[in-house]
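Number of protein chains: 2
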Amino acid sequence: MQTNSKATEINDLGEFGLITELSNFARKQNNSTILGIGDDAAIIEHAGLQTIVTTDLLLEGIHFDLVYTPLKHLGYKAIVVNLSDIYAMMGTPTSVTVSLGISNRFSVEAIKELYKGIETACNFYEVDLIGGDTSASLTGLCLSVTALGTVENGKAVKRHTAKSGDLICVSGDLGAAYLGLQILEREKQIYLENKNIQPELDKNKYLVERILKPEARRDIVRHLKTNNLTPTSMIDISDGLSSELMHLCTQSQVGCKVYDENIPIHNEAIQTAIQFNIDPTTTALNGGEDYELLFTIDKDRLEAIELMPDVSVIGNMVDKEEGMQLITKSGKAYELKAQGWQSFREID
Amino acid sequence: MQTNSKATEINDLGEFGLITELSNFARKQNNSTILGIGDDAAIIEHAGLQTIVTTDLLLEGIHFDLVYTPLKHLGYKAIVVNLSDIYAMMGTPTSVTVSLGISNRFSVEAIKELYKGIETACNFYEVDLIGGDTSASLTGLCLSVTALGTVENGKAVKRHTAKSGDLICVSGDLGAAYLGLQILEREKQIYLENKNIQPELDKNKYLVERILKPEARRDIVRHLKTNNLTPTSMIDISDGLSSELMHLCTQSQVGCKVYDENIPIHNEAIQTAIQFNIDPTTTALNGGEDYELLFTIDKDRLEAIELMPDVSVIGNMVDKEEGMQLITKSGKAYELKAQGWQSFREID
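These protein sequences, in sequence, are chains A and B. The opening residue of the first sequence carries number 46 in the numbering used here; numbering runs sequentially from there. The opening residue of the second sequence carries number 46 in the numbering used here; numbering runs sequentially from there.
Looking at chain A on its own, in the form it has when it is part of the complex (with noise of 0.2 Å):
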């Protein structure tokens, strides 16, 4: 006979009893970490270093959906975000804070799922949790993190110094994510039409991994140091490389010229694009949430560049007055548009 994995509710082990459990999850990394968990405030120390902060909220039925996001993958996730920015700032992150919105359909074991992602992603990319909030919610999940690192002062790249004339660069492929989410809400809609039928997720495993966990390209960031790449600017993909664009074009006054075909699309993604009869561009420019890092550098770094492994030269910045530009593989132009919110409903 099997025994049913007993469901501690919140109520029972109350606020500071959740707490002290949730404490558990948090292990000291780094030395600049003074004091963590457990007093009004975290202290951190970076003698000699700037301190980068970033920010994102997470909310249930806007950021993800518990019916296909496993709260291990959702914890690993929220970090994995945060972590991404202070990356695309050639910084080196060394703490987050969680805050979390919990309403009474979840268990503590539930919570502990979630709790295990995060901590499994701090000890991956050795990062510190050091401080948070716990509160009631009345309607769905909601998360907040904050993370926190280090540059070298003056070190830190920005996105409004590109300059015309450099290439335009971006890691991994773009589109996945987007593709992954498809496939997630496919299945839940059959799910939930039969729920004998189980989902087919197999075929699409590097699709639904690139939505459910994304990685923050850390790996990028330290090959660009030890090799003495220094991007003019940089911005991590979280909106879809039309955005992401647009940000670093106003920002530094300059124009672009992507190419259609230099556009990295995992093959898994244009086939997939193909059968939801979306064209596989589309969902790079605009799909969102690849976590990849678009960055440029002077165009004399192109040999070096060309020798990264895992980063595509996709084009190159302008003057401001060429406007932004998408080149196809027959010549033509055409303006590209940055889209926000509505991204997902649009490309529809």
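Hints were generated in silico from the structure; no laboratory data involved.
One copy or two, either will do: identical chains are not told apart, so a pair holds if it fits within one copy or between any two.
Below, simulated DSSO-like cross-link-like pairs (lysine-lysine); rule was C-alpha separation at most 30 Å, straight line:
| id | residue 1 | residue 2 |
| --- | --- | --- |
| 1 | K200 | K73 |
| 2 | K374 | K344 |
| 3 | K382 | K157 |
| 4 | K365 | K73 |
| 5 | K200 | K344 |
| 6 | K208 | K374 |
| 7 | K365 | K382 |
| 8 | K73 | K208 |
| 9 | K208 | K377 |
| 10 | K250 | K117 |
| 11 | K377 | K365 |
Here the structure is a predicted model, which means the values were calculated and not measured.
With the hints as your guide, set chain B onto chain A.
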């Protein structure tokens, strides 16, 4: 003829438009702010100082009711409650990030009101708004604030360092915020039953202000520093005196004796507590949201503490074996019990 002020839908402005509008509320006041809103992350420089980090999550329906909470006050309070945690470590707050989940019932003007409150608090406490995140929300308003501050290396006052024999001190007065909330709830019920009746808040201005627009006790921390008074432990009172005393006693492994008649309670709070048929001491012990500072200090400093404006000595730390005691005027001893989330319910 009166012109209605126009309400702008957030969707008309778009995510990036909204961020641009909100960036206008962020003005740099600290030289430590190297880079603020507008990049992947913010950069601060705190050479030779330790960085203090704290975060708080405020959720509609749990932490505030917009029926009686003006958005400007909410923005102000969201900043203050975080700064209060920095002061409770004897730190100096320098910067905040604000993340916002907004449902579509809020107009751009409403969100700007919220930011006016944030800006007012930032100006008053001389901190910089350096970043954040904006997101749609399916349900209510969700506000997550992280505050950073500085403290001289090793000078932070923690919770676990109180000693038996230390004086227990508290700033301001306690219980008023809880009673202010009771008044707002009562007037809300009256209003919901008959919308022609205007709420009667003038009689209880002090109590209502304590819940809607609390202040962080920067003045107390400044006085302590100026007069070389170093508390042996400190915490801010967000959950109620009992809870906070428990944190200090548990973490410092001591007990406490607190004298009922020494607990500072405002006259308006006493009158209103009686009117609501609640023991005034109970509101001070369990009411919460007062954001006063509770600290312990060596008993040799009694004279200097007695000269401090707006500070009361309410008892002293004792050996752990004696437990946590509340001593009444007649000399009877009661065990103090700490409460968390349920505190408000258990008082009624």
